[in-house]
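With chain P fixed as given, assemble chain G onto it according to the hints.
So the protein sequences, as listed, match chains P and G. Going by my numbering, the residue at position 516 of the first sequence is 516; the numbering climbs one at a time, nothing skipped. Plus 687 on top of the position in the second sequence (first one is 1) and you've got my numbering.
It is possible that some hints are incorrect.
Here are the simulated DSS-like pairs of lysine-lysine, each with C-alpha atoms no more than 30 angstroms apart in a straight line [said to hold, decoys possible]:
1) P/Lys74 - G/Lys976
2) G/Lys808 - G/Lys853
3) G/Lys697 - P/Lys438
4) P/Lys4 - G/Lys809
5) G/Lys809 - P/Lys74
6) G/Lys976 - G/Lys889
7) G/Lys808 - P/Lys74
8) P/Lys253 - G/Lys697
9) P/Lys253 - G/Lys853
10) P/Lys76 - G/Lys853
11) G/Lys782 - P/Lys4
12) G/Lys808 - P/Lys76
13) P/Lys76 - G/Lys782
14) P/Lys19 - G/Lys930
A few chain P residues facing chain G, derived, Cβ under 7 angstroms [claimed, not checked]:
15) Gly9
16) Leu12
17) Asp13
18) Lys76
19) Phe80
20) Ser82
21) Ser83
22) Leu84
23) Pro85
24) Val86
25) Lys88
Incomplete in silico selection of chain P near chain G, CB under 8 angstroms [as the list claims (entries may be wrong)]:
26) Ser73
27) Arg75
28) Thr77
29) Asp79
30) Lys627
The set of hints was computed from the structure by calculation and includes no laboratory data. Think of the CB as a built atom: it goes at the ideal place given N, C-alpha and C, for glycine as much as any other residue.
Okay, here's what each chain looks like letter by letter:
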Amino acid sequence: MKNKIFSKGIYLDTFRRIKIIGIIFGIYLLISCVFFVGTDRVAMAPFDYLRPLYMVPYVITPVIAGVAFNIYSKRKTSDFYSSLPVSKFSRMFSISAAVVSVLIAGILLGALGSMAVIGLGKPILITTGIWDVLLTVISSTLFAFAAFVLAEALTGNVLTLIISYFVNLFFVRYLFYLIRWTLLSGQKALDTKFFLKFFMPDMNTFVGGFFNGTTFFDITSKTTYGICNLKEDLWTVAASVVLFALACVIFSKRLSEKDSSSFTSNGAFFYITGVITFVISTFPIATRYLVDGSILDMNKTTEILLLFLLPVAILSIVTVIYFKNDKSKKKVLLKELPALIAVILINASIFAVNGYLQNNKIRKKIAVGDIKSVQLILDSDSNFTSFSGAKDDLETSEITDKDFIAKISESYNKSVNLNLYDTEDGNEESVICKINTKDGKTYYGKTIMNIEDIVKLSSKEKKIENYIKELPKPDYKTFVVYNTGIYGYYGRNVLKADDAEKLFKTIQDEINGYTAEQVYSDVFSDNLISIIYYSKSGIEVVLNLSPITLPKTVNAAISYFNGGKKIEDVKKCIYGNDFLVDGVSLYLKNSDGKYTENTRYILKGYTDEDNELPEKTKKIINNLVSKAHSDKDFSSGYMIVDGEITDKSSSDNQEYVSYIIPAPSNLTDEEINNINDLVEESYSIDE
Amino acid sequence: MIEIKSVTKKFGDFTALNNISCTIENGSVFGLVGTNGAGKSTLVRCIAGVYKTDEGSILIDGENVYDNPAAKAKVVYVSDDIYYPNPGNINDLGKLYARMYSSFNSDKYLNLIDELQLSRKKSVSSFSKGMRRQAVTAAALAVEPDYIIFDETFDGLDPLVRDFFKKLIIKEVAERSTTAIITSHSLRELEDTCDKLAMLHKGGLILESDLSEIESNYFKVQVAFKEDYDEKKFKDLSIAEFKKNGAISTFIVNGDKDETTRIIGNMNPLIFEIVPMSLEEFFINKASKAGYNFDLDKSDEKKEGKK
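Chain P extracted, bound-state conformation:
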């Protein structure tokens, strides 16, 4: 008999054993996917209605794999399967093949089933990006499964299996985090931000791009909506193959399939205890900075004690837990020694590297004149990632622009002596600079920069095509959901195919004629008029529109937003007082004539009859609307009027609405002052 890799008998038998749990999860996936579709007319992008599929790598994979490999945890099953005429490798491979088949079938069933149901009940089904979601889920599932199989090969009981599983999932990632943050940023190895991010869903190993396709070290890349790109998927699959191969080797080398044994060899013991101890022993350093890095402030002596004494304490606890029934504790303690030494050495290395970096021996000030070029490495959860191409562009460009270098140098030198923990404000971005000096040296350092500065500076280096590329293509299925609205509470109104096509031809025509800087200004501006659409990968993208730079687009978008209502009707509502104004946002062209910024005023109206403000508010709004009456487009600004339309015949029948109308272009200074006074008054009432 040939030593086969695959055993059909084991494969089919595994199906039999996981049949029930597989069916339960299959039904669950189908129902939950349909449930997630919601009541919208449109079935949104796949990451929306296929979200329950993420249960597969997170929950379903370890459960089904647990059932499949349960044969090694009971003596009677272990005896039976181990005595069969199938090699150990073949047995493991065939069980794995069956589990993976069931998991992938479950994923496809969930996806296709929900799409079929959606297809029956929804006028529009968006399938753009479905492959991105499916590949992400499948690659993540493979990785979770490989981690489980490795845990199974290493351990012999449920407790050690669970621990080993999580260690396998996270350890490599954890290690790379340490390397990246230790070497590149010059920060201490762990800080709150890094540590908490580690546990955030979209940063998770499963869906966070286990290895980033672009930069090996940059495994922190944020995956928008939990969707990896193809490179990340491939890296994840590659990592899965490595873990699975390792599992196969270890499994084949195991002395026996004796159930309920703890560790099967010194190597496995070393791996588990060493890794767990290492990870846990770095916790206190992370928690140190949980509250602004000050409340739990520790001196260096305490840090050293924690880094070195904690491993000893943890290993002792691990020993007590794992070997509580083992008589030969002395031997066990001897086995622990290598793990302990390794952990202490690693901790010592981290500490030493950090100490070196903290002493600014690497991060030193660099004169502008010495800088040849600069590269930026944006933080993974950067606010700058609305367009993925923008981030890639920025990171791959070696910037030589003198102004840019001057700004970066200033920011970098300023931050050299700072303690950089959590110093970012809302509009600031943590940026790692790679500075190449004229004498051929390279320096890394973290700087805190204003996002607008980054945008403006880097836009000089950017290629407009990359942004255009991410704009929608004239395809009905992607076009039809393009939506216009006011950012924050836009509706899910669906444009007709013709209208959508018309609107986006307008966008493309206008954007094509712009410089990169102008596009950046619009994309990252604070305009409230937005178009929401789905990118090629199915990700929702909000494109802010400026009436200054994209007047035609704004006009078109607003007309869709107003839902075909005539401006005269809106005015009639206001004049007729059946439109109770709740607020007005006014966006105007600056008096200095610059088109990059709009002036924004907010008026708040009140319906309380005892207050004088409503009348005053109405008066001002009537004046504004009256003045705007003659304006036909939005080129000089716009007003967003929010309120409730009341039906006089029934007080219950009220509708909350927003209208966008052109702003008056000829306001006098006195009128603007009146508005300012009104805003101040309304704010004072608020307070």
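Same frame as chain P, but now just chain G:
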């Protein structure tokens, strides 16, 4: 042929098998007995390829059995803790064996099931413990392997079914030259079935012999003399379990019956009789010699002595 060569198996600090060597010839029924924890189940697991030996080797028809599908295809192992599909009925059990063993004979399996009057429709888990063993044993026999191992499989069966399987195994051995290895605490059963017997104690092999050899070489003697005498009188014989009550003594002799008769006959006994010895008596004798002894009287004496 199964060759067990200097096999040692340890679990941590515990040595389950210590340098065991023996040979199991084809077409024989090999009984494996031993005290509790002697290593019987460990040895059969090693033979079935479940465990890898720490030292030594186990060869089946000249091939190492561990992780060797070719060698394992010749062996079917029925554990003391039997496994069956749950949920699943008789047909599912048959399918499981059919998937794993290409030599599985479905007709034979179903015939055996019918003969044992087991329901084909009911879930195996709803059967009684004994019925489950019957079903699994039937499936194992239907594989028609060259070597079949029963680890205390028959201990939970009723006498009729036990007898049924006993005959079936003997038939398999006769017709197909199958080799059966049976571990059991019921020495009475082994006595009727086995050709060869091995005895384990504390991981060591203390006896390996043909049953016929045991029967002819180990026997009980009852003897009485006029004069007073003690155990030393029989120094020319290999005796054990010497007990004297008045003038009459009984003891076990390991040796040739004719030679023993001649030696004792020369001593002019008043009474002399060779009594057949059961396998159980033989086992107790062997185990006692190996230090496995639970004497209630001695235990009581010890307690009183302490007081």
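* Restraint status (C-alpha distance of G/Lys808 to G/Lys853 at most 30 angstroms) -> Holds, at about 26 angstroms.
* Asked: Has the given pair, P/Lys76 with G/Lys853, been kept, meaning a C-alpha gap of at most 30 angstroms?
  -> Status holds; Cα separation ~24 angstroms.
* **Straight-line alpha-carbon gap P/Lys74 to G/Lys976, limit 30 angstroms** => Outside the cut-off at roughly 36 angstroms; violated.
* How about P/Ser82: closest beta carbon in chain G under 7 angstroms, or not? -> 4 angstroms, holds
* Is the hint on P/Lys627 kept, meaning its closest Cβ partner in chain G is under 8 angstroms away? -> 80 angstroms, violated
* **Hinted contact P/Ser83 with chain G - closest CB pair below 7 angstroms** => 4 angstroms, holds
* CA of G/Lys808 to CA of P/Lys76, is that 30 angstroms or under? -> Holds, at roughly 24 angstroms.
* For the pair we were handed, G/Lys697 and P/Lys438, check the Cα-Cα distance against 30 angstroms. => Distance of about 66 angstroms is beyond 30 angstroms: violated.
* With a cut-off of 30 angstroms on the C-alpha distance, tell me whether G/Lys809 and P/Lys74 pass. => Holds. G/Lys809 to P/Lys74 sits at ~24 angstroms (cutoff 30 angstroms).
* Asked: Going by Cβ atoms only, is P/Thr77 closer than 8 angstroms to chain G?
  -> 6 angstroms, holds
* Could you check if P/Lys76 really has its C-beta closer than 7 angstroms to a C-beta on chain G? => At about 4 angstroms, which falls below the 7 angstroms cut-off, the nearest Cβ of chain G leaves the hint on P/Lys76 intact, so it holds.
* If you draw a straight line from the CA of P/Lys76 to the CA of G/Lys782, is it 30 angstroms or shorter? -> 18 angstroms, holds
Taken one by one, the earlier hints fail for this structure at numbers 1, 3, 4, 9, 14, 26 and 30, listed in ascending order.
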